[in-house]
Every structure is written in C-alpha cells, then in structure tokens.
Amino acid sequence: MKEPVTYEDAVDLLDADHKAVKKLFIDYDALCEDAAPVEQKHALAERICQALTVHAQIEEEVFYPAVREAIGDDALMDEALEEHAEAKAMIAEVRSMKLTDHAYDATVKKLAKLIDQHVLEEREQIFLQARNAPLDLRGLTLPLLKRKQQLTKKIASRSKEAT
Amino acid sequence: MKAVVYSGPREIEVKEMPDAKIERATDVLVQITTTNICGSDLHMYEGRTAMEPGRILGHENVGMVVEVGPAVDRIKVGDRVCLPFNIGCGFCENCEKGLSGFCLTTNPGSAGAAYGFAGMGPYSGGQAEYLRVPYGDFNCLLLPRDAQEKENDYVMLADIFPTGYHATELAGVCPGESVVIYGAGPVGLMAALSATVRGASQVMVVDTHKDRLQLAEKIGAIAVDDTEGGGVERIMELTGGKGADRGCECVGYQCCNMHREEVPNLTMNNLVQTVKATGRIGVVGVFVPEDPNAADKLEKRGQMAFDFGAFWFKGQSIGTGQANVKAYNRQLSRMIEYNRVKPSWIVSHELPLAQAPQAYKNFDQRKDGWTKVVLKPDK
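Here the protein sequences come in this chain order: G and P. Quick note: the first sequence uses the numbering used here, first residue 179, plus one each step. Quick note: the second sequence uses the numbering used here, first residue 526, plus one each step.
Source of the hints: derived by calculation from the structure; they are not laboratory data. The structure displayed is predicted, hence computed values, not measured ones. Hints should not be assumed to be uniformly reliable.
Stated by the list, open to error - Restricting the straight-line Cα-Cα distance to at most 30 angstroms, the calculated cross-link-like pairs of lysine-lysine (DSS-like) are:
| hint | chain 1 | residue 1 | chain 2 | residue 2 |
| --- | --- | --- | --- | --- |
| 1 | G | 197 | P | 822 |
| 2 | G | 287 | P | 825 |
| 3 | G | 180 | G | 276 |
| 4 | P | 822 | G | 287 |
| 5 | G | 201 | P | 822 |
| 6 | G | 331 | G | 288 |
Stated by the list, open to error - Derived Cβ-Cβ restraints for the label pairs, each shown as a range:
| hint | chain 1 | residue 1 | chain 2 | residue 2 | range |
| --- | --- | --- | --- | --- | --- |
| 7 | G | 184 | P | 844 | 25 to 33 angstroms |
| 8 | P | 879 | G | 186 | 28 to 36 angstroms |
| 9 | G | 194 | P | 876 | 41 to 49 angstroms |
| 10 | P | 697 | G | 270 | 49 to 57 angstroms |
| 11 | P | 602 | G | 211 | 52 to 60 angstroms |
| 12 | G | 186 | P | 673 | 37 to 45 angstroms |
| 13 | P | 575 | G | 183 | 26 to 34 angstroms |
| 14 | P | 830 | G | 202 | 21 to 29 angstroms |
Claimed, not checked - Now the stretches of chain P that chain G is said to cover, found in silico as 3 or more residues with beta-carbon under 8 angstroms:
| hint | stretch |
| --- | --- |
| 15 | 632 to 638 |
| 16 | 820 to 826 |
No residue lacks a Cβ here, since even glycine has one placed at the ideal position from N, Cα and C.
Let's have the full structure, built from the sequences with the hints guiding it.
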C-alpha cells in the first residue's frame, strides 16, 4: 500500500529537517562537554553534514526556484543561496579535517551558528512570504520528499560501498 | 516613531525607528497607550536568548486603533484594544482548537508567534508609539467602555493575567483546594489572584523578595518567605504534611536559590516535593530547548535533573507551556469590567517610554519595590 504523505506542505517538510539537525547540534555540544570519544563525535558530525547536504540540495533544486518565481524577491533568494554556499564550504572543511584536529569541534560549532542564523532568516522571511504567496506549497511536498529519499538512498549505498 | 530597542546584552536604547505600518490587508495599526516590561523581556535583556540586536521589544500592549487594512471587518479606527502577546492566524489547526499560542502559520516552522520576542517570528514589539497587529480581526480584544479609566488593569490581559490563569488551569485548580505557587513575580501574583477567584481554600506563594510577598498577602494569599530556606518545610506544615493539592511554576529556567545563584531544577523539584500524591502541577515559567550561555551543564542543552522517580511514585501529573491568551482574555476582561478583580494592584512604576533603559535595569536587578513597570508612549 502507498504510504500517505504526512507533511502538510513544503515548509513543514523542510522545517522538520531544521528541527532534526538542531537537535543533532545540541547533542554534539553535549558530547564535547562530556569529552566523548572522537569516533562518536565524528559519526555525529558526519550525520549532520549528510543531512544538511541533502536538505540544501532539495531546497536549491525544488523549493527555491518555485519560491523565487512566486515572491519575485531576487535579493532575498540570492542571499539564501549565498548562505547555502557558505554552509557547503564549511561542511567541506569539517569533512576534510582530521578527527584529532584541535579545531574540529570549533568548526562544527561554527557550522551550527551559521545554520541557526540561516534557519532563522529562512523561517522569518522566506517561509512566511512563501506561505502568503500564490504558490502550491502542498504540491511541492511530494517532489521534495521524493528527491530527498532518492538522495538519502544514494548516500547510504555509497557509504555501504566504502565499508 | 520612538521605540525601545534591544542593542545587546543589558543594553536598551530608546530611539527613532521606522513607523510601524499596515503590511498586509488583514493588519491593524495600533497607537500604543500602555506597554509593560515583562519578566520574560529580561531573558532577552540579559542576553540569554537568540534575540538579534536592533529589534523592538514589548509584548504586553494596549492601545487605540488608528488604521485598519482593507480586509479587516470587525475592528474599527478608534477602538481601544488589548493585544494578546501570542499572534495567531485564527485558521490553522491549533488556532481552531483555541491553542493560539501554538499557531502554525504566523511563525512558520516554530510553534507560536509573539511581538518582539526571540525565536517567535519577525514581528516588532509594542514598546513603541505604534504597533502592527497581524490578523487584526482575530487578535484584537475589544475592550469594555471603561478601557481608559482601567487601562493599567486591562493591559495585564495581554500576557500576565491570562498566563497566571493558565498556570491554575494547567494545574486544574478547583474550589476548596490548596495551591502552592512558586514565584511572586507578576505572573506568580496573577496565578495567586486566579487561584483565589477559582475558589482555592489556601493559596501559598513562595519567593525570597519581601516586597513581592507583601503584594501576595494583599489579596489574601499566604506568603512563604524562602530567604532563609525552609520554604518546603513551611508548605508541608501548612498542608498537614501532605503537600498542596495543586502547584504552579511561575519562575522559569533562570530560577535562583536563596543566594541568587541559578539552579534550573530548583522550583520543579520543590514542586514535586510540596504537591501531594496525585496532585497536578502547572508550569508557565519559561524553559528553553537550549541555553548556550548558562553556567549549568545540563541547562546548556535544555535539560535538568528532575526528580522523576518521586514524581512518578506520587502519581503526579503536569501541564506545561505558554498561555493561549485568547482562551481566557475575554472572560478575564469581564472580571475587570465588573470590578471582581483589580490586576493593576501589582503596578509599581508608571513611566514614559524614555525611561525604559533605567526601568529595565532596576527591574532586572529586582530592586526593592520594582514589581511591574508600565510604560506610557504617549506621555
């Protein structure tokens, strides 16, 4: 049987990602405070990086173009893309670092701050305007979800190959 | 327009800001006549939230409507209105159920919007000359005819009176029951007032500030001074060793012990101890999912060492969260109109907007006699 789509609309789906990643960042801080083993921290950091990468990609491929067309605020959407680029660069930095690097934790925390700021702006500007615009946010849910599942699957099979 | 602006931790400025205006057809523009400083503003003032500098504070607002958007039907220019601190849309799943504090559309992603509050949407606060009110027809409470005369009473309907009432509702206070309330700040005092009008037999209020405890005594509550410790013992004595039927938490995550050191789990664990087995606890004090600037390790991640074993063993239950102001403000306004209550009894200072920075400072330091500040932007 086909599973029903549980998200009310595209905003709900995307913000569920935000909430999930926020919790992972709080958990990461806790691991640092508790002086947890580096492997544990690294696994969590990698989970965060994966989640953010998939999230950014589906936003850029599906959500942002539709919103840009509906609200016509190019400056706002360009700024969001710039923030994504900044986040991606930082994710690449985290991934390229040695686990034992002293700056590893600090870089993950820097990433957390950047994402916090981006999420706040996205919620208060893009999501709010998108909801008030003549845009089929419900209709966008399925393409977002499908693409997300596809990308997540790809990552899972790639990491299986690696091990 | 002049407005009270957050510029950074413990920095408040009164400065010229762009005029608030109608942005959407459903908006209402209100000229603010009274706006309060709330205890929750202090979390932002102290830099304990993600509040961005440059934003206007203030979520306890009363004023006169000066303009309405083209899609506003009910509210008219000239109406005296009180604005619930929560901004609801009126048509989402939660608003439909009366849970307007958890509106799903006014602050996408996060549940609930408010004026001038960290993490609760892009809305400016009302410690200013003008305020933009989204979904004006839904959010404005039209005040009774004695609105101006009792303005300092009606302004309490924006937040603290409904919030105090919500604490007693979450705790399920019934006539004849005993209630212990932690915190004699404005919300705790409003919870004491609410418990009294709900017919509680004993209303015990715990705090360490004598000026505030005296205000609790003025409405017939039993003041429990915890300055020397011993508050818990006193409650048990007053309830024949059983504990109170109901408990209310009106302090929140920055609760302090008698030495003014923050102990985030203090009030919650004292409630477990001083509420009877099977009793219910209502928590309206603010607690946060993360608090990076806290000293306490658990508090940083939004956790606390809660006496869950005792809580379970005693079969207690708990209700939490911010008040849905619209669920209560209409009835409570009638109580003011018919002189059943006078919530302005807690007002200690009535000041012009220009004196907001000093007022924040004194209120934050819990200076003796600074219980509740009402600001008058038109004076």
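Residue 331 of chain G and residue 288 of chain G were given as a pair; does the straight-line alpha-carbon distance stay at or below 30 angstroms? holds, 28 angstroms
Outcome for the supplied range 41 to 49 angstroms, where the beta carbon pair is residue 194 of chain G and residue 876 of chain P: Because 44 angstroms falls inside the window, the suggested range holds.
Run the distance test for residue 180 of chain G versus residue 276 of chain G: straight-line Cα separation, threshold 30 angstroms. violated, 44 angstroms
Measuring from beta carbon to beta carbon, are residue 575 of chain P and residue 183 of chain G in 26 to 34 angstroms? holds, 32 angstroms
Quick one: are residue 830 of chain P and residue 202 of chain G within 21 to 29 angstroms, going by C-beta? holds, 23 angstroms
Given as covered by chain G, does the stretch 632 to 638 of chain P meet the bar of three residues or more with CB within less than 8 angstroms? holds (count 4)
28 to 36 angstroms as the expected CB spacing between residue 186 of chain G and residue 879 of chain P, which holds or is violated: violated, 45 angstroms
Take the C-alpha atoms of residue 287 of chain G and residue 825 of chain P, compute the straight-line distance between them, and say whether it is at most 30 angstroms. Satisfied, since the Cα-Cα distance of roughly 14 angstroms is no more than 30 angstroms.
For the range 49 to 57 angstroms, tell me whether the beta carbons of residue 697 of chain P and residue 270 of chain G fit it or not. With a Cβ separation near 54 angstroms, residue 697 of chain P and residue 270 of chain G satisfy 49 to 57 angstroms, so the hint holds.
Hinted pair residue 197 of chain G and residue 822 of chain P, Cα distance within 30 angstroms: holds, 22 angstroms
Cβ separation of residue 602 of chain P and residue 211 of chain G, checked against the hinted range 52 to 60 angstroms: Given range 52 to 60 angstroms: holds, Cβ gap about 55 angstroms.
Holds or violated: residue 822 of chain P to residue 287 of chain G, with C-alpha atoms at most 30 angstroms apart: Holds: residue 822 of chain P and residue 287 of chain G sit about 16 angstroms apart, inside 30 angstroms.
The structure is inconsistent with the numbered hints 3 and 8, although it conforms to all the rest.
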